[in-house]
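Quick note, the sequences are listed as chains A and B, same order. Taking the numbering used here, the leading residue of the first sequence gets 1, the next gets one more, and so forth. Taking the numbering used here, the leading residue of the second sequence gets 1001, the next gets one more, and so forth.
Rather than coming from a laboratory, the hints here were simulated on the basis of the structure. The model shown is predicted, which means the values in this text are computed figures rather than measured ones. Be a bit skeptical, because a hint or two may be false.
[Claimed, not checked] Listed below are several chain A residues computed to face chain B (Cβ distance under 7 Å; list not exhaustive):
1) R23
2) Q24
3) T26
4) Y29
5) Y163
The C-beta atom is built at its ideal place from N, Cα and C for all residues, glycine as well.
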Amino acid sequence: MAAEGASSWLLAIEQSGIGQAIRQSTWAYPAANVIHVLGLAFFAAAVVVMDLRLLGVFAATKPADVIGPARRFAVGGLAIMILSGSCLFIAEASHIAHNYIFLTKMVIVAVGILLALLVHKPLTRYSLRAAAFEPASAGLRFTAILSLTLWLTVAGLGRFIAYV
Amino acid sequence: MKRQILFIAALAGMTSAAIAHHGWGSYDAAKPVTVTGPILTSVFTNPHATITVQGTDKVWTMTLAPTSRMISRGALAELVAVGKRVVAFGYPSTAEKDELRAERITIEGKTVELR
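Start from the sequences, fold in the hints, and give me the full structure.
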């Protein structure tokens, strides 16, 4: 089953008790797959709402009323995806770790999380202080476009992993 | 912050060592093969069940289907078992040597469509 030349730590993950349990269960793998995409639905919805708000859509709302709750949904969705995605990864670690679409996706996920951490403070400041119809700074609007691009790319790449 | 940078660096390092792995796109539907022989190994797990089969000139690794689909179509682990004689029709991989994606298998007179 293992790919040739796979690193021993990848094999160790794959051959672990949890790895075997996920593969041997009829439903664990498909269930993790379904939960992963449901997590994405919440995450993507929240990210799109936050980024569009920064770009001036829903401008009549107070940023604090939109960005705060949306951010909590985004974090929750991301946590669900990391957990379910780990199950999918563990089941075939030695194969998937050599899939270049998967690796590209992981790099972009890391960049996206890094961007979110970097933007956290200025975003919170804007969100708490700004009134309705008050535009976000050019910097924040730029990061909103960047964030949309990164996360929609991640979603697309995720679907593409199975086809290379 | 430092941890994130390390994470990115680690992943970038993995990417450089990465090789393309097969997926549903890398099977040659223009060159279907039919392999007949005994099952040497059978791994009845997700995401796909996998068997190796002694063909006339070589041992084939065959990617079958998710276990839920196998079960619902009657290709149970007891049927797709070591020692059973299988007739498999499938498409050879363009990425991995001696691997094929089985479209249908026949064991003990029972034919199961896998797609």
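A quick look at each hint next to the structure:
no., hint, result
1, R23, "holds, 4 Å"
2, Q24, "holds, 5 Å"
3, T26, "holds, 5 Å"
4, Y29, "holds, 4 Å"
5, Y163, "holds, 4 Å"
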